[in-house]
Amino acid sequence: MTIKRLQVGPRMSKIVIHGDTVHLCGVTADKTKGQSLAEQTREILGVIDALLAEAGTDKSKLLAATIWLSDIRTVDEMNSVWDAWVVPGATPVRACIEALLQGPEKKIEIQVTAAK
Amino acid sequence: MTIKRLQVGPRMSKIVIHGDTVHLCGVTADKTKGQSLAEQTREILGVIDALLAEAGTDKSKLLAATIWLSDIRTVDEMNSVWDAWVVPGATPVRACIEALLQGPEKKIEIQVTAAK
Amino acid sequence: MTIKRLQVGPRMSKIVIHGDTVHLCGVTADKTKGQSLAEQTREILGVIDALLAEAGTDKSKLLAATIWLSDIRTVDEMNSVWDAWVVPGATPVRACIEALLQGPEKKIEIQVTAAK
Chain A
0 MTIKRLQVGP RMSKIVIHGD TVHLCGVTAD KTKGQSLAEQ TREILGVIDA
50 LLAEAGTDKS KLLAATIWLS DIRTVDEMNS VWDAWVVPGA TPVRACIEAL
100 LQGPEKKIEI QVTAAK
Chain B
0 MTIKRLQVGP RMSKIVIHGD TVHLCGVTAD KTKGQSLAEQ TREILGVIDA
50 LLAEAGTDKS KLLAATIWLS DIRTVDEMNS VWDAWVVPGA TPVRACIEAL
100 LQGPEKKIEI QVTAAK
Chain C
0 MTIKRLQVGP RMSKIVIHGD TVHLCGVTAD KTKGQSLAEQ TREILGVIDA
50 LLAEAGTDKS KLLAATIWLS DIRTVDEMNS VWDAWVVPGA TPVRACIEAL
100 LQGPEKKIEI QVTAAK
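Chains as they are written, first to last, in numbering that gives the first Met the number 0: chain A, 0 to 115; chain B, 0 to 115; chain C, 0 to 115.
Hint data in this document are derived by calculation from the structure and do not stem from the laboratory. Heads up, a few of these hints could be off.
Identical copies carry no separate label here, and so any pair may be met within one copy or between two of them.
What the hints assert, rightly or not - List time: in silico SDA-like cross-link candidates among lysine to any residue, alpha-carbon distance up to 20 Å: (1) K58 with G18; (2) K30 with G45; (3) K115 with E38; (4) K58 with P9; (5) K60 with L5; (6) K30 with E42; (7) K3 with V80; (8) K60 with L44; (9) K60 with G45; (10) K3 with P87; (11) K3 with V86; (12) K115 with Q34; (13) K60 with P9; (14) K60 with V46; (15) K58 with M0; (16) K30 with D48; (17) K60 with G8; (18) K60 with G88; (19) K60 with R10; (20) K3 with A89; (21) K58 with G8; (22) K115 with A37; (23) K60 with D48; (24) K60 with V7; (25) K105 with S35; (26) K58 with T1; (27) K105 with V74; (28) K30 with E104; (29) K3 with G88.
Please work from the sequences and hints to get the whole structure.
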């Protein structure tokens with residue numbers, strides 16, 4: 000199976016496509032850093048949409064998602080944005096746990112894999 | 000490769016099968032919530048057995064497992080249940096780290112992938 | 000697709016190869032346990048090199064990496080070792096988050112998947 004890398008940096012790639020499987024890097028907020036969890040979640044899911052498009056796929060083909068929250072008690076605020084974003088009938092498997100992230104102003108990190 | 004989803008909810012699916020790879024959602028205790036870590040582990044591994052069966056596979060085909068414990072110092076109690084559950088000669092790769100989970104009464108979450 | 004397991008223990012395998020995908024276990028420091036984060040990172044990446052070689056692949060085929068740090072504020076020290084290790088133009092996707100590990104003397108755990 001072929002390996003195709005997109006947005007390749009010296010530390011990590013943002014997209015790695017292996018055969019029919021698309022791996023995205025963990026995404027955190029940039030523009031909305033320090034803003035509400037809902038705002039950060041919206042920004043991140045928009046970035047994921049763009050990365051999936053660049054990989055030639057979209058959120059209807061999501062396989063799995065891992066969501067790290069800096070405070071797990073805020074999960075409902077994240078879910079309200081998440082639930083509106085996913086495609087009904089095409090939701091991925093998911094794990095959502097607490098973890099401190101790179102910078103106290105970052106409240107959430109999301110990493111997904113998708114089919115091509 | 001085909002994508003097949005089972006137990007599809009509005010937030011996540013419990014099973015996503017992509018080609019020959021079976022992804023399960025992160026599983027936490029339900030009936031044994033608040034009980035001992037060993038009890039919660041036993042319940043979760045039973046749920047995973049049932050999900051794998053629904054996907055047309057079983058624990059002898061496990062590829063990888065991630066285990067999150069709300070207190071990493073309790074790892075031995077989890078391992079005693081885990082070690083009795085896995086199939087000798089067919090153990091998956093594994094990572095086991097600490098993370099707070101959705102509800103303080105939840106002491107463990109396990110997520111696995113398997114071959115079909 | 001075939002499943003091939005290497006270094007199979009009663010609790011986990013260190014390598015599971017499923018078709019063209021190589022899964023490695025989460026790796027923590029052994030010899031450098033208790034030493035600096037940079038030392039632990041160097042040891043772990045050396046172990047990963049050896050495991051990839053045993054699986055018939057190498058770091059130029061990395062797909063994804065998850066890095067857990069016991070103190071996320073130390074990420075720069077880890078990155079200095081990581082950046083020198085990865086193959087330019089062939090970097091994996093990555094997520095790096097904080098998590099307590101099995102033993103307070105362990106400052107980092109790294110888990111990777113690679114193509115064969």
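_Violations among the numbered hints, reported as their numbers in ascending order_ = Hints 3, 7, 12, 22 contradicted; others consistent.
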